[in-house]
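Quick mapping for you: the protein sequence lines, in order, are chains A and B. Going by numbering that gives the first Met the number 0, the final residue of the first sequence carries number 331, and the count climbs one at a time with no gaps. Going by numbering that gives the first Met the number 0, the final residue of the second sequence carries number 331, and the count climbs one at a time with no gaps.
Calculated from the structure, these hints are not laboratory results. Certain hints may be false.
The list cannot tell twin chains apart, which means a pair is met if one copy fits it or any two copies do.
Below, a list of computed lysine to aspartate or glutamate pairs in the DMTMM-like style, where the Cα atoms sit at most 20 angstroms apart [said to hold, decoys possible]:
hint	residue 1	residue 2
1	K284	D179
2	K266	E66
3	K266	D277
4	K266	D248
5	K40	D180
6	K25	D69
The chain contents come next:
Protein chains: 2
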Amino acid sequence: MSDYLSIHLAVRPQPGPITQGLFELKRQPIPEIRNDEVLIKQTHMSLDPAMIGWMSADRESYIPRVELGDVMRSTGIGVIVASNHPDFSPGDTVQGMLGWTEYKVSGGKGLNKVPLGSDPEMVLAVFALPGLTATQGLFGFADPKAGETIVVTGAAGSVGSLVGQLAKADGLQVIGVAGDDEKCQWITDTLGFDGAINYKNDGITSMLKDLTPEGVDIFFENTGGPIQQQVFNRMNAHGRIIVCGMISDYVSAQPSPGPNWIPLIKKRVTVRGFAMTDHLGDASKLRAKLAPYVADGKIKFRTHILEGLESAPEGLNLFFNGNNRGKLIVRL
Amino acid sequence: MSDYLSIHLAVRPQPGPITQGLFELKRQPIPEIRNDEVLIKQTHMSLDPAMIGWMSADRESYIPRVELGDVMRSTGIGVIVASNHPDFSPGDTVQGMLGWTEYKVSGGKGLNKVPLGSDPEMVLAVFALPGLTATQGLFGFADPKAGETIVVTGAAGSVGSLVGQLAKADGLQVIGVAGDDEKCQWITDTLGFDGAINYKNDGITSMLKDLTPEGVDIFFENTGGPIQQQVFNRMNAHGRIIVCGMISDYVSAQPSPGPNWIPLIKKRVTVRGFAMTDHLGDASKLRAKLAPYVADGKIKFRTHILEGLESAPEGLNLFFNGNNRGKLIVRL
Numbered sequence: 000m001s002d003y004l005s006i007h008l009a010v011r012p013q014p015g016p017i018t019q020g021l022f023e024l025k026r027q028p029i030p031e032i033r034n035d036e037v038l039i040k041q042t043h044m045s046l047d048p049a050m051i052g053w054m055s056a057d058r059e060s061y062i063p064r065v066e067l068g069d070v071m072r073s074t075g076i077g078v079i080v081a082s083n084h085p086d087f088s089p090g091d092t093v094q095g096m097l098g099w100t101e102y103k104v105s106g107g108k109g110l111n112k113v114p115l116g117s118d119p120e121m122v123l124a125v126f127a128l129p130g131l132t133a134t135q136g137l138f139g140f141a142d143p144k145a146g147e148t149i150v151v152t153g154a155a156g157s158v159g160s161l162v163g164q165l166a167k168a169d170g171l172q173v174i175g176v177a178g179d180d181e182k183c184q185w186i187t188d189t190l191g192f193d194g195a196i197n198y199k200n201d202g203i204t205s206m207l208k209d210l211t212p213e214g215v216d217i218f219f220e221n222t223g224g225p226i227q228q229q230v231f232n233r234m235n236a237h238g239r240i241i242v243c244g245m246i247s248d249y250v251s252a253q254p255s256p257g258p259n260w261i262p263l264i265k266k267r268v269t270v271r272g273f274a275m276t277d278h279l280g281d282a283s284k285l286r287a288k289l290a291p292y293v294a295d296g297k298i299k300f301r302t303h304i305l306e307g308l309e310s311a312p313e314g315l316n317l318f319f320n321g322n323n324r325g326k327l328i329v330r331l
Numbered sequence: 000m001s002d003y004l005s006i007h008l009a010v011r012p013q014p015g016p017i018t019q020g021l022f023e024l025k026r027q028p029i030p031e032i033r034n035d036e037v038l039i040k041q042t043h044m045s046l047d048p049a050m051i052g053w054m055s056a057d058r059e060s061y062i063p064r065v066e067l068g069d070v071m072r073s074t075g076i077g078v079i080v081a082s083n084h085p086d087f088s089p090g091d092t093v094q095g096m097l098g099w100t101e102y103k104v105s106g107g108k109g110l111n112k113v114p115l116g117s118d119p120e121m122v123l124a125v126f127a128l129p130g131l132t133a134t135q136g137l138f139g140f141a142d143p144k145a146g147e148t149i150v151v152t153g154a155a156g157s158v159g160s161l162v163g164q165l166a167k168a169d170g171l172q173v174i175g176v177a178g179d180d181e182k183c184q185w186i187t188d189t190l191g192f193d194g195a196i197n198y199k200n201d202g203i204t205s206m207l208k209d210l211t212p213e214g215v216d217i218f219f220e221n222t223g224g225p226i227q228q229q230v231f232n233r234m235n236a237h238g239r240i241i242v243c244g245m246i247s248d249y250v251s252a253q254p255s256p257g258p259n260w261i262p263l264i265k266k267r268v269t270v271r272g273f274a275m276t277d278h279l280g281d282a283s284k285l286r287a288k289l290a291p292y293v294a295d296g297k298i299k300f301r302t303h304i305l306e307g308l309e310s311a312p313e314g315l316n317l318f319f320n321g322n323n324r325g326k327l328i329v330r331l
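My request is simple: use the sequences and hints to build the entire structure.
Here you go:
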């Protein structure tokens, strides 16, 4: 087998589901490597909601976008199968921005060796983009304090589930919002959240009130949608809102309006949008912050595995329909 | 004349104009002072947009409200007419939270002596609430940098006019938004703003685009209204939005929605609401920051004088209809 498959962005998405037609599948001979290069065979590839932004980004976007024709961007884990690079040997496991491809030639830049014996799924589910994002958003921006109340939307998602567990470990009251009862049960029974709300239920206003009797100090927003205004209404004075994702609005042709700003004054609330791309230079520091929580057994995760690179495009729709159960990983 | 007038909050306002019926006017004998007290005859009283918030504040508000029956809150300047207090002598001019009253007995707490020869109008227009608010909002939160572009709404108002001049003095490109052509002319011709937009004109989208060719780094929001979304659309990456006032929405029964939050992520924008009440402990530090700009002739102001305490209630409506020309001060 001397051919390999790669998937390239061909068309920028319109509002609505992701279709195969947005991508071009290419089969090419596995290339030779030159001096100071390695050939990586990818084994595990991460699918993240941020990809929608990387694809959709218009000319006015401020986040580096994937150019048309380029291999779709993603983080992944692979094995070095050939090396002319002094730092890597065949058999090494590495992590990096490998993209939607079965094989990748790399000069080594941005590649990190994965310690022997590491679980690749844990690396992608905890120590890659989800964990860096959760750690930066919660500890870098939200200033969590024991006894405070945090509400996390997309709470069963890859970022939200980590944010909630980190906050819980630090003594906060943690309420998660998710899109079905199974997810709600998982975040309370398995992850230890103090409460969960299925946003599709009736009566979320009173549920939210009951679950946050002392109001909300931190709102970690991963989804958007009507729950946003509800949580906003519960914010306490000096509350912090971290806007990490708005997956429910990425697919709407007409994004819904946000909350009126008067309460921001009355309650002196800060709303901070962030994108992890700005903070990748702090990855080592963020991993060092995160590692003790993992070592202490405070962090649980689950993965939702798709088989084969071809499953990636359709897999993105799981972010919109909420049918994934855990961190989305494509096994190659 | 041994009687004096004071005005008390009697009813909390509903959306719409401020009416005399919200207040109770009381005439009472001028009281005797006891040990360690002074009697102050107020000469100049400040009217500020924040008063609407102090009055309207419902039980869920987080800013100290004026209780029903209490003298309406305000800052003012007065003369000590009798003193049993070691720190104050008759004839001293003092500044403090004197309230809507002709005379006030005080134990001295929160009273500051105004240096001999100071212009009371300048004290209230620059060094009192407007100047503290502008200095805290701009330098405490907005992190202004020379060469950046700032858009200030309510730019001819007491806070906005100072924010713009401070930013201009620090080398920013300053665009002001105001509600009529005279105000626009004042902020450009007299205050030195780089551009002005009458938000009541047609075509504000293209005007704003023309005046901010490199986008907007700082949005200092004093008004709310449809211009908010327009300025929001122009924000640059890592932009900062300071929400200081929403006067146009205070009177609406149904506050208008705010911008969708997706651009906060894409552009990594922070929206920070603040209330000066949190920062009064920093007043000396803020005045010290502000003073050199005044000393260097960088700060101009104008005052709109109302005569007599009875003019205060109706005077508040000038904030809503925009018919004031400069800092509102009641001369007693």
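Violated hints, by number in ascending order, as checked against the structure: Structure breaks hints 1 and 5.
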